[in-house]
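Protein sequences, first through last, are from chains A and B.
Each residue of the first sequence is one higher than the last, beginning at 1 in my numbering.
Each residue of the second sequence is one higher than the last, beginning at 114 in my numbering.
Everything labelled a hint here was simulated from the structure, so no lab data went into it.
Please note that the accuracy of each hint is not assured.
Claimed, not checked - No farther apart than 20 Å at their CA atoms in a straight line, the calculated lysine to any residue pairs in the SDA-like style are these:
1) K149(B) x Q193(B)
2) K224(B) x K170(B)
3) K183(B) x A209(B)
4) K224(B) x K164(B)
5) K170(B) x K9(A)
6) K164(B) x G153(B)
7) K170(B) x G153(B)
8) K164(B) x S99(A)
9) K183(B) x S99(A)
10) K149(B) x E101(A)
11) K149(B) x Q22(A)
12) K149(B) x R68(A)
13) K170(B) x G154(B)
14) K9(A) x K164(B)
As the list claims (entries may be wrong) - Quick look at which bits of chain A chain B covers, simulated, 3 or more residues with Cβ under 8 Å:
15) 19-28
16) 44-50
17) 70-78
Since this is a predicted model, take the numbers as computed values, not measurements.
The beta carbon of each residue, even a glycine, is placed where N, CA and C say it ideally should be.
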Amino acid sequence: NAGVTQTPKFQVLKTGQSMTLQCAQDMNHEYMSWYRQDPGMGLRLIHYSVGAGITDQGEVPNGYNVSRSTTEDFPLRLLSAAPSQTSVYFCASSYIGASYEQYFGPGTRLTVT
Amino acid sequence: GQQVMQIPQYQHVQEGEDFTTYCNSSTTLSNIQWYKQRPGGHPVFLIQLVKSGEVKKQKRLTFQFGEAKKNSSLHITATQTTDVGTYFCAGSAYNAGNMLTFGGGTRLMVKP
């Protein structure tokens, strides 16, 4: 099993550009989520999904879109990048249910200039 | 909304000293999870606590969940250089499903 994979590992964008961060998992997990990590602020939930076709907003959803067309993939789209979106982005997945641990991908380090 | 506070933000210790990080939630939690993130890495699950007053041990690590299920702690006995990293608590509120609210983390640095 590859676990949770994310691409790209690093990305530099100019303000106003758009891009998609890819996330895939091969553990047949129903729950997938996106977090951003900023220094001293822990991980903040952006969007999450409890299954294919179902997504919902987390704590900091503005400026981001998601879709879940398959169980395996959960891409995160930045519509018009802003410097405030400079961060490390982690995708995570787990089985449904609060008692399940979340598995994190290796992260994407995004810089918006 | 739910808030999870973690202290201290940073901790420098000499190898062999003990270390403790504390986690406090603004609301009662259904469970709390702890994760470790090595420098440059991603969070890795350590443990989950579910019951009021629960205490769990993993070798030199001791995890506690408060009686009111609003606070938790992680204690490391006799730190080693391999303990270096950031430790996060993450709480799950009742009826929140899989949604976790993370604390800000405690960064542990160990001097050999």
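Right, here's what the structure says about each hint:
1. Using a Cα cut-off of 20 Å, the hinted pair K149(B) and Q193(B) holds, with the two alpha carbons roughly 14 Å apart.
2. Note on K224(B) and K170(B): the hinted pairing is violated, with a Cα-Cα distance of about 24 Å set against a maximum of 20 Å.
3. Distance hint between K183(B) and A209(B) is fulfilled; the C-alpha atoms sit about 15 Å from each other, no more than 20 Å.
4. Of the supplied pair hints, the one linking K224(B) and K164(B) is violated, its CA atoms being roughly 35 Å apart against a limit of 20 Å.
5. Restraint check: the Cα-Cα separation between K170(B) and K9(A) comes to about 35 Å, which exceeds 20 Å; the hinted pair is violated.
6. Distance restraint check for K164(B) and G153(B): the Cα-Cα separation of roughly 33 Å exceeds the 20 Å cut-off, and the hinted pair is therefore not satisfied.
7. A hinted pair counts as satisfied when its Cα atoms are at most 20 Å apart, and K170(B) with G153(B) does not qualify at roughly 26 Å.
8. Only pairs whose Cα atoms come within 20 Å are accepted, and K164(B) paired with S99(A) is accepted, the gap being roughly 12 Å.
9. Taking the CA atoms of K183(B) and S99(A), the gap is about 17 Å. The hint holds against a cut of 20 Å.
10. Of the supplied pair hints, the one linking K149(B) and E101(A) holds, its CA atoms being roughly 13 Å apart against a limit of 20 Å.
11. Restraint check for K149(B) and Q22(A): the C-alpha separation of about 24 Å exceeds 20 Å, so the hint is violated.
12. With a CA separation close to 28 Å, the supplied pair K149(B) and R68(A) exceeds the 20 Å bound.
13. Under the criterion of a C-alpha separation no larger than 20 Å, the hint pairing K170(B) with G154(B) is inconsistent with the structure, at around 24 Å.
14. Only pairs whose Cα atoms come within 20 Å are accepted, and K9(A) paired with K164(B) is rejected, the gap being roughly 38 Å.
15. With a threshold of 8 Å between beta carbons, the proposed coverage of the segment 19-28 of chain A by chain B is violated, since 0 of its residues qualify and at least three are required.
16. Check on the segment 44-50 of chain A: 4 of its residues sit with their Cβ under 8 Å from a Cβ of chain B, so the three-residue criterion for coverage holds.
17. By the rule of at least three residues with a Cβ nearer than 8 Å to a Cβ of chain B, the coverage given for the segment 70-78 of chain A is violated, with 0 such residues.
The structure does not agree with the numbered hints 2, 4, 5, 6, 7, 11, 12, 13, 14, 15, 17 stated previously, though it agrees with the rest.
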